[in-house]
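Take a look at the letters that make up each chain.
2 protein chains.
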Amino acid sequence: MEHKEISKSVLKRLPGYLAYLKSMPEGSSLYISATALANALGMGEVQVRKDLAMVSSGGRPKIGYLRESLIDDIEQFLGYDNTTDAVLIGAGKLGQALLNYSGFDAYGLNILAAFDTQPASGSAGEGKPILHIDRLEGFCKTNKVLMGIITVPTAFAQQVCDRLIACGIKAIWNFAPTHLDVPQNILVQNENMATSLAVLSMHLQAQIKDKK
Amino acid sequence: MEHKEISKSVLKRLPGYLAYLKSMPEGSSLYISATALANALGMGEVQVRKDLAMVSSGGRPKIGYLRESLIDDIEQFLGYDNTTDAVLIGAGKLGQALLNYSGFDAYGLNILAAFDTQPASGSAGEGKPILHIDRLEGFCKTNKVLMGIITVPTAFAQQVCDRLIACGIKAIWNFAPTHLDVPQNILVQNENMATSLAVLSMHLQAQIKDKK
Chain H
1 MEHKEISKSV
11 LKRLPGYLAY
21 LKSMPEGSSL
31 YISATALANA
41 LGMGEVQVRK
51 DLAMVSSGGR
61 PKIGYLRESL
71 IDDIEQFLGY
81 DNTTDAVLIG
91 AGKLGQALLN
101 YSGFDAYGLN
111 ILAAFDTQPA
121 SGSAGEGKPI
131 LHIDRLEGFC
141 KTNKVLMGII
151 TVPTAFAQQV
161 CDRLIACGIK
171 AIWNFAPTHL
181 DVPQNILVQN
191 ENMATSLAVL
201 SMHLQAQIKD
211 KK
Chain Y
1 MEHKEISKSV
11 LKRLPGYLAY
21 LKSMPEGSSL
31 YISATALANA
41 LGMGEVQVRK
51 DLAMVSSGGR
61 PKIGYLRESL
71 IDDIEQFLGY
81 DNTTDAVLIG
91 AGKLGQALLN
101 YSGFDAYGLN
111 ILAAFDTQPA
121 SGSAGEGKPI
131 LHIDRLEGFC
141 KTNKVLMGII
151 TVPTAFAQQV
161 CDRLIACGIK
171 AIWNFAPTHL
181 DVPQNILVQN
191 ENMATSLAVL
201 SMHLQAQIKD
211 KK
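Protein chains in written order, with my numbering: chain H, 1 to 212; chain Y, 1 to 212.
Don't read these hints as lab results, they were simulated from the structure.
Quick reminder that beta carbons are idealized off the backbone N, C-alpha and C, glycines included.
Misleading hints may appear alongside valid ones.
Short, incomplete list of chain H residues facing chain Y, as computed with Cβ under 10 Å [what the hints assert, rightly or not]: (1) Y20; (2) P25; (3) S29; (4) G59; (5) P61; (6) I63; (7) G103; (8) G108; (9) L112; (10) A194; (11) L197; (12) Q207.
Partner residues are not named here, just some residues of chain Y that face chain H (Cβ under 7 Å, in silico) [said to hold, decoys possible]: (13) P119; (14) W173; (15) L204.
Isolated chain H (complex conformation) (with noise of 0.2 Å):
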């Protein structure tokens, strides 16, 4: 593998870097250093360093990064401007939403269509389509699309996990809260906001216990 190892942790914070850059108003200054990004996110300054020197060799000592030049620095390390095509399984509330949703274009996902036991094709709109499952495995081959993901009920999850590995499926993002399993050269990234959910409305009851 030639690409530079690099840890989940700096992965994680990669996106924040890119997000403050891309959000400072118009008019700020060219240049960006690595202490004034530190800064600006409540960071260490040694952690922003070393991240930033991963990605880009353009830092200049005491002038810092050309801003637009970082941007796009990071941006190509994190593969924002390769578009990565995917198919979603699931066309319920969640996997409409997503479907729809036109702010993966920003991180490179390009959501081809929706796949669902029901379908609805010409049925949305301007809409992408949502194809009847069955059409799976010849649009995954047809398109080359290595990403898939899924918005399944819980109990269908791994049985449409499975089914995309067998189209050729590299990536796996995992909206059903759930394990999968798979083989080793699959990554499954799991995305859990029922959990996410659980944990606040947690805290809040616990809150208002302590009041009481």
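Start from chain H and add chain Y according to the hints.
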């Protein structure tokens, strides 16, 4: 605090059990054992048994749990039966997608309104109102809101966070990819889709390079 102490790892598993139990087809057995649940989800039996015992006292030896009661017990434990009112700050693409996502009902989350520097009240048709950010304080006090959802650009996340806390918010669901400084009694739950996508994208890049 009267509420049983419970670890985040247990909280992380409970929504999975719940989702599975709810997705079981009609006509399934009325009872389900910890063993059956563990097998279905590919988890350890001991762990599942402990987790269930923590949230429900309805388990009977050799029979298991009455499925409907177990669903109720988990939902009650997770606070899904108490509706939590929330406000959302930042009505961009992600904010609007979350605002109009109807699937949160099942988790007891009710987003009352969104706030933005560019309000759009009335124009959203059936959708929930997008009010001017200046109305945030009054709205939160009138409606005794305890949860805030942050979907503003990174550069504004901390100031929005501070403002929410001043309004009496105790729990924050943060979709801005940045760390938020908060007092000890406030819980921040970070949701970072950009990170998830970066991790998936890095994996795909590595796979493609390995092939070359």
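Status of the H:Q207 interface restraint (C-beta, 10 Å, chain Y): Hint on H:Q207: holds, closest Cβ of chain Y at ~5 Å, below 10 Å.
Interface hint compliance - H:L197 to chain Y, C-beta minimum distance less than 10 Å: It holds, given that the least Cβ distance between H:L197 and chain Y is near 5 Å, below 10 Å.
Classify the hint on Y:W173 as holds or violated, based on whether any CB of chain H lies nearer than 7 Å to its CB. holds, 6 Å
Chain Y contact restraint on H:G108 - CB to CB distance below 10 Å: At 7 Å from the nearest chain Y Cβ, H:G108 passes the 10 Å test, so the hint holds.
Quick check on the hint: H:Y20 CB to chain Y CB, less than 10 Å? Holds, about 5 Å.
Using Cβ atoms only, decide whether Y:L204 comes closer than 7 Å to chain H, and label the hint accordingly. For Y:L204, the interface hint holds, since the closest Cβ of chain H sits about 5 Å away, which is under 7 Å.
Double-check H:G103 for me: the hint is only fine if its C-beta lies closer than 10 Å to a C-beta in chain Y. holds, 4 Å
Tell me if H:L112 is really an interface residue toward chain Y, meaning its C-beta lies closer than 10 Å to one of theirs. Not OK, violated: H:L112 not within 10 Å of chain Y, min 15 Å.
H:P25 was flagged as interface toward chain Y. Is the shortest Cβ-Cβ separation under 10 Å? holds, 8 Å
Status of the H:G59 interface restraint (C-beta, 10 Å, chain Y): violated, 21 Å
Can you verify the interface hint for H:I63: is its Cβ closer than 10 Å to any Cβ in chain Y? Violated - the Cβ of H:I63 stays beyond 10 Å from chain Y, reaching only about 22 Å at its closest.
Regarding the hint that H:S29 lies at the interface with chain Y, is the smallest CB-CB distance below 10 Å? violated, 14 Å
Consistency note: the structure conflicts with the earlier hints numbered 3, 4, 5, 6, 9 and 13.
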